[in-house]
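J.: Sequence:
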Amino acid sequence: MNRRSLVAALGLLIGSAGMSSTTLALDWGGLSKGLGDLLGGGGSAGATSLADLSQGQVADGLKEALANGIETAIATLGKTDGFLGNELVRIALPESMTKIAKTARKIGGGSYVDAFETTMNRAAEQAVPEAAGIFADAIRAMSIEDAKAILTGPEDAATNFFRDKAGPALVERFRPIVESATAATGVTSAYKDLVGQAAPVLSMLGKGDATDVDGYVTNEAVNGLFTMIAGEEKRIRENPVARTSDLLKTVFGATR
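Here the sequence shown stands for residues 2 to 257, where the numbers follow this note's numbering.
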């Protein structure tokens, strides 16, 4: 799917108030009609401040910006090496496993360490494309007041709104996707191989195995998405060229 169609689909997902969780499985082909169907009229095209805009324009402008940010995050991260090849979001070994990794490398098990880190990132990359509907669902309750506060807030106000209002629920709903992906990419077996290599030494040190791998990958995958969305939000706020529609130009131009 090209960028325009994906942004349109995300915009429709975000703006369709009556959409069920079943529909949120993302039938991209049925959601390619575009933001034009969602973003109605109202307000002056020449508005110079938020006070000149209709409530619908403010809300729809923000939703379109969020759709752009989500699309960019998914397109960037939801592909091979989207996480693994990006130092900004690459999922490193859990801190609790630092000693395990060092021990494994000392006894010739470095390949197990590398394999485990790679499979964690692969799991995140596979899970990310499934997140669009979850993000769309998470912002449905956004009020007009919320939208205006976000538009006039700091450069990461929308991202922080997501974290504060939907973060815990998003993690809870995201985890099953990660669990399936970690199983498919071999994270569990790689983890067992890694721990098995270091087990003799760790037992002498009295170190147990208490790492929740799925929980860790889930949190890091969600954090990576938020990181990328925050970057896109900042770009749209600061760079007029990034406002790729008349609505974005009108709404974000009115906040300057």
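Derived from the structure by calculation, the hints contain no laboratory data.
All figures in this text were calculated on a predicted structure; none of them were measured in a lab.
A couple of the hints might just be wrong.
Here are the simulated EDC-like cross-link-like pairs (lysine to aspartate or glutamate), alpha carbons at most 20 Å apart as the crow flies [unchecked claim]: (1) Lys103 <-> Asp194; (2) Lys100 <-> Asp194; (3) Lys100 <-> Asp213; (4) Lys166 <-> Glu146; (5) Lys149 <-> Glu239; (6) Lys235 <-> Glu156; (7) Lys103 <-> Asp82; (8) Lys235 <-> Asp147; (9) Lys235 <-> Glu118; (10) Lys149 <-> Glu131; (11) Lys107 <-> Asp194.
J.: Confirm or reject each hint.
T.: Hint by hint, here is what the structure shows:
1. Lys103 <-> Asp194: holds, 14 Å
2. Lys100 <-> Asp194: holds, 15 Å
3. Lys100 <-> Asp213: holds, 16 Å
4. Lys166 <-> Glu146: Distance ~14 Å between Lys166 and Glu146 Cα, so the pair holds.
5. Lys149 <-> Glu239: Judged against 20 Å, a Cα distance of about 17 Å means the pair holds.
6. Lys235 <-> Glu156: holds, 5 Å
7. Lys103 <-> Asp82: Violated - the C-alpha atoms of Asp82 and Lys103 are around 24 Å apart, more than 20 Å.
8. Lys235 <-> Asp147: This hinted pair holds, its Cα atoms lying about 18 Å apart.
9. Lys235 <-> Glu118: Outside the cut-off at roughly 30 Å; violated.
10. Lys149 <-> Glu131: Since the Cα atoms of Lys149 and Glu131 sit roughly 29 Å apart, the hinted pair is violated (cutoff 20 Å).
11. Lys107 <-> Asp194: Holds - the C-alpha atoms of Asp194 and Lys107 are around 15 Å apart, at most 20 Å.
In this structure, the hints that do not hold are numbers 7, 9 and 10, in rising order.
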